[in-house]
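Participant: Sequence:
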Amino acid sequence: AQVLNSAGDFKTVMGQLAFDVEKRSGELGLKGKLDTGPVKHQWALNATHYSHTQNDYGRRTVPGADWTTNIYHPIWGDAPAFIAPHISKTKLRLASYGLADTMSFAEDRVQLTLGVRRQQVISDTYNIKTGDRTSRYDESATTPAAAILVKVTDRVSVYANYIEGLSQGATAPMTAANAGDVFAPYKTKQKEIGLKLDLGDFAHTVSLYEIKRPNGYTDPYTNVFSFGGEQRNRGVEWSFFGTPWTGLRLMGGVAYVDPELTKTAGGVNQGKTATGVPKLQGKLGVEWDVPAVQGFTLTANATAATKQYISADNSLSVPGRVVYDVGARYATTVGNHPVTLRANVLNVTNKAYWGMPQLTSLGLGAPRTFMLSATVDF
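Residues in the sequence shown are numbered from 8 upward in steps of one, following my numbering.
Please note that a few of the clues may not be correct.
Cβ pair distances, simulated, as ranges [what the hints assert, rightly or not]:
1. Leu37 with Ile90: 48 to 54 angstroms
2. Leu37 with Ser58: 20 to 26 angstroms
3. Asn240 with Tyr360: 20 to 26 angstroms
4. Phe26 with Asn240: 27 to 33 angstroms
Calculated directly from the structure, the hints in this document are not laboratory data.
For every residue, glycine included, the Cβ atom is placed at its ideal position computed from N, Cα and C.
Sequences and hints are given; from them, build the entire structure.
Facilitator: Rendered as structure tokens:
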């Protein structure tokens, strides 16, 4: 789809799409402690595996279904009969093996963490008619992690960390001309420094960070999706949590980020703000233990975000929003087993808003949603 102006008029080509996904995952971990002279060690081994097979069905374009309407007041024609041939099949496998050791020195006032992780990403695409594999990415990387924390006083700590990781490459959206194309895995790099302040009833954390990763872009004229270059997110974040009085807990924070396109093909849109990332976000949450009912807690949260750009040249954006959630939980014991019952209402005011949760899509925010759940410990 191509947004034509700030009033929300847009042109699109209709498609009929459906998919099914079969997912499997597993995780195994082992941790322990040991001392080597004056140095205390907390070590951990971890292995994870994830795989999924996805089948896509339908038609990416419906003949004669070019359509111009408005995102705020859409008018659609009659839906054609749904035709769902099998159009693509992909398989993805992710494996990770990691080792980390946190070493404590000087009566635990200095903690140094060193880690290494081996990651593998395998992605296969298949021809539906012949069943033959048409493309494969099989990439592996050994990535480091390092962190240090120094307790300056009993109340003040400073820390720094550096982490690299291998992530699954993007897939061109089903609405793109190259729909289904799978891009190679990529490395992310994150640097962070921060300060922690413990005031007893309240604790605060302030951090500065930088994250580098590729950027996704759909050309509005050719409708071809590409994934590469570099997007650099630099930000500052403040978070807090605490108990002003017994039975009442507060938590929240504010984050500012500058998501800049630092490397682009031919320099097009270089220096622009990346799409889908609000520059300012905030959150405030409260929990209250009801005195009259043991184990019963009421919760409320508010989250806010400023506008997000939805075009790479920053000519179009969607406005910010504030969303409120409320809930309750009840912790009890049934047959000697701890049980927690939860009820939540997300977006309690049914706020209508636009969001860009992925690199390749613009969608409506979730409406008022009711959720019930139960957790049982064995």
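Participant: Compare the structure with each hint and give your call.
Facilitator: Hint check:
no., hint, verdict
1, Leu37 with Ile90: 48 to 54 angstroms, "51 angstroms, holds"
2, Leu37 with Ser58: 20 to 26 angstroms, "22 angstroms, holds"
3, Asn240 with Tyr360: 20 to 26 angstroms, "22 angstroms, holds"
4, Phe26 with Asn240: 27 to 33 angstroms, "30 angstroms, holds"
Violated hints are absent here; each numbered hint is respected by the structure.
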